[in-house]
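Can you build the whole structure from these sequences, using the hints too?
Counting along the sequence shown from 1, when you hit position 117 you're at 117 in UniProt numbering, and nothing is skipped either side.
Worth flagging that the hints you see were computed from the coordinates, not collected in a lab.
Computed from a predicted structure; not experimentally measured.
Take the hints with a grain of salt, since some may be wrong.
Here are the simulated lysine-lysine pairs, DSS-like style, with alpha carbons at most 25 Å apart [claimed, not checked]:
id, residue 1, residue 2
1, Lys53, Lys38
2, Lys400, Lys269
3, Lys38, Lys136
4, Lys410, Lys400
5, Lys258, Lys319
6, Lys400, Lys411
7, Lys38, Lys205
Computed beta-carbon distance windows for the label pairs [to be verified]:
id, residue 1, residue 2, range
8, Glu213, Leu374, 17 to 27 Å
9, Asp270, Arg177, 58 to 68 Å
10, Leu13, Thr113, 22 to 32 Å
11, Ala134, Gly364, 51 to 61 Å
12, Gly409, Glu222, 32 to 42 Å
13, Val116, Glu144, 38 to 48 Å
Glycine included, C-beta positions come from ideal geometry on N, C-alpha and C.
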Amino acid sequence: MIVHTEFEVGRLLLNLLLVLVLVLLNGIFVAAEFSLVKVRQSRLTQLVSEGNKMAVYALKVNKKLDSYLSATQFGITLASLGLGWVGEPAISELLVEPLMFQLGVTDQTLISTVSVIIGFSIITFLHIVLGELAPKSLAIQRTEGSALLLSAPLMFFYNLFLPFIWVLNASANALLRLVGVEPASEAEAAHSEEEIRILMNQSAKSGVIDKDEMKLMDNIFEFSDLLAREVMLPRTDMDVLYSNLSLEENMRIITETKHSRYPVALEDKDRIIGFIHITDLLFAPLEQQNDLASLVRPILNVPESMEISHALRLMQKNKAQLTLVVDEYGGTAGLLTAEEILEEIVGDLHDEFEDERPSVERNGESISVEGRMLIEDVNDLTGVVIEDDEVDSIGGWLFKELEGNPAKGKKVMVGDVIFEVEESTRLRITRINIHREPPLTEEEEDNEEQGEDKD
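Now the structure itself:
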């Protein structure tokens with residue numbers, strides 16, 4: 001039987017205490033690593049502005065995240081090495097070997113082998129459970145509190161071992177560059193649009209953000225991909241005043257259409273000379289009212305292929321509420337207004353004079369849509385795949401398919417989906433009813449089969 005002196009027992013107890021301290025330190029570094037990666041810098045900034053002193057340290061750490069994450073890794077490595085060096089002998093000599101002697105085992109080789117295995121297993125268990133898993137879960141569940149509590153001690157540790165951490169970081173980065181890989185930066189890592197959408201969907205499912213906020217964010221992401229021709233009011237829908245018409249005729253147009261601003265054309269819409277605000281017309285002297293061209297203001301022109309975000313910046317720069325969209329030949333393609341652009345983000349806006357019928361109207365199994373809705377939006381809405389490089393709107397596509405005969409009730413079928421003219425003028429389709437072909441009744445199926453048999 002092995003007999004330990006009081007000095008040896010004291011040494012072993014001290015080593016056992018050191019084991020617990022090293023496990024605790026390992027857990028602290030693990031918790032610091034996970035909490036600092038997960039905590040939001042915007043939240044720390046808010047806490048600093050509210051006077052939270054611990055948040056000051058946390059914010060400093062967060063702004064140099066790469067360096068401090070290296071410090072946590074350095075601390076975890078030191079604690080783990082120390083635990084392996086001190087822990088197994090302490091557990092084996094103080095707990096396992098005496099227990100085996102009590103059980104009557106006297107073979108020294110067997111005692112040593114079993115002691116190492118059991119001691120190593122106990123240390124591994126303590127290291128994984130108390131030094132890794134529990135601190136990680138705590139840091140994830142209590143991110144903000146953990147980050148605030150551990151940032152100041154981590155800064156002290158970082159400054160204490162700064163030369164070692166710098167050498168290790170520099171060596172790792174040099175090795176990566178040697179094999180042609182640029183070192184990654186956690187602080188510079190950014191979420192892609194798809195990743196942000198996934199995060200938003202998860203937040204929406206958990207109730208953190210509501211459906212309206214989710215829709216708004218979706219619209220903002222899609223906004224950057226839109227072109228002027230996809231947002232503009234088409235040429236055929238433009239209400240225009242004409243400089244060659246009399247005041248009475250132009251006032252009739254204003255009374256019927258009720259807008260605050262109008263493009264002014266010389267004889268036709270391809271010859272837009274500017275725009276006019278109705279207050280300029282109403283408060284102008286009578287002789288100027290009869291000379292509409294004298295009241296015209298310059299109008300901003302943008303190509304129909306311009307990204308809408310760029311067009312919006314130009315409108316803001318020029319303080320323009322109204323912009324003329326021109327095609328590749330210099331003709332008028334449509335009109336872009338601040339309202340049209342805003343509606344792409346927040347949805348349809350209606351003033352007191354407008355018909356409030358929505359652009360998409362569901363009625364049971366059928367859907368009624370505006371003719372100027374984009375084909376790609378109708379594809380998303382119905383699941384049908386319509387492709388046409390010549391036209392952008394569903395109304396333009398249907399008009400083309402009907403070969404210029406857009407009478408009410410005319411239909412075109414794509415698969416089992418029917419596109420039916422609901423409202424139209426002589427030159428365009430303004431509203432379309434979309435519905436699926438109803439399944440055949442048994443009698444209709446029998447009649448169809450009989451017809452095939454006769455053939």
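Status of the hints after comparison with the structure:
no.: 1; hint: Lys53 to Lys38; result: holds (20 Å)
no.: 2; hint: Lys400 to Lys269; result: holds (22 Å)
no.: 3; hint: Lys38 to Lys136; result: holds (11 Å)
no.: 4; hint: Lys410 to Lys400; result: holds (12 Å)
no.: 5; hint: Lys258 to Lys319; result: holds (22 Å)
no.: 6; hint: Lys400 to Lys411; result: holds (12 Å)
no.: 7; hint: Lys38 to Lys205; result: holds (20 Å)
no.: 8; hint: Glu213 to Leu374: 17 to 27 Å; result: holds (24 Å)
no.: 9; hint: Asp270 to Arg177: 58 to 68 Å; result: holds (60 Å)
no.: 10; hint: Leu13 to Thr113: 22 to 32 Å; result: holds (24 Å)
no.: 11; hint: Ala134 to Gly364: 51 to 61 Å; result: holds (56 Å)
no.: 12; hint: Gly409 to Glu222: 32 to 42 Å; result: holds (33 Å)
no.: 13; hint: Val116 to Glu144: 38 to 48 Å; result: holds (43 Å)
Checked against the numbered hints above, the structure violates none of them.
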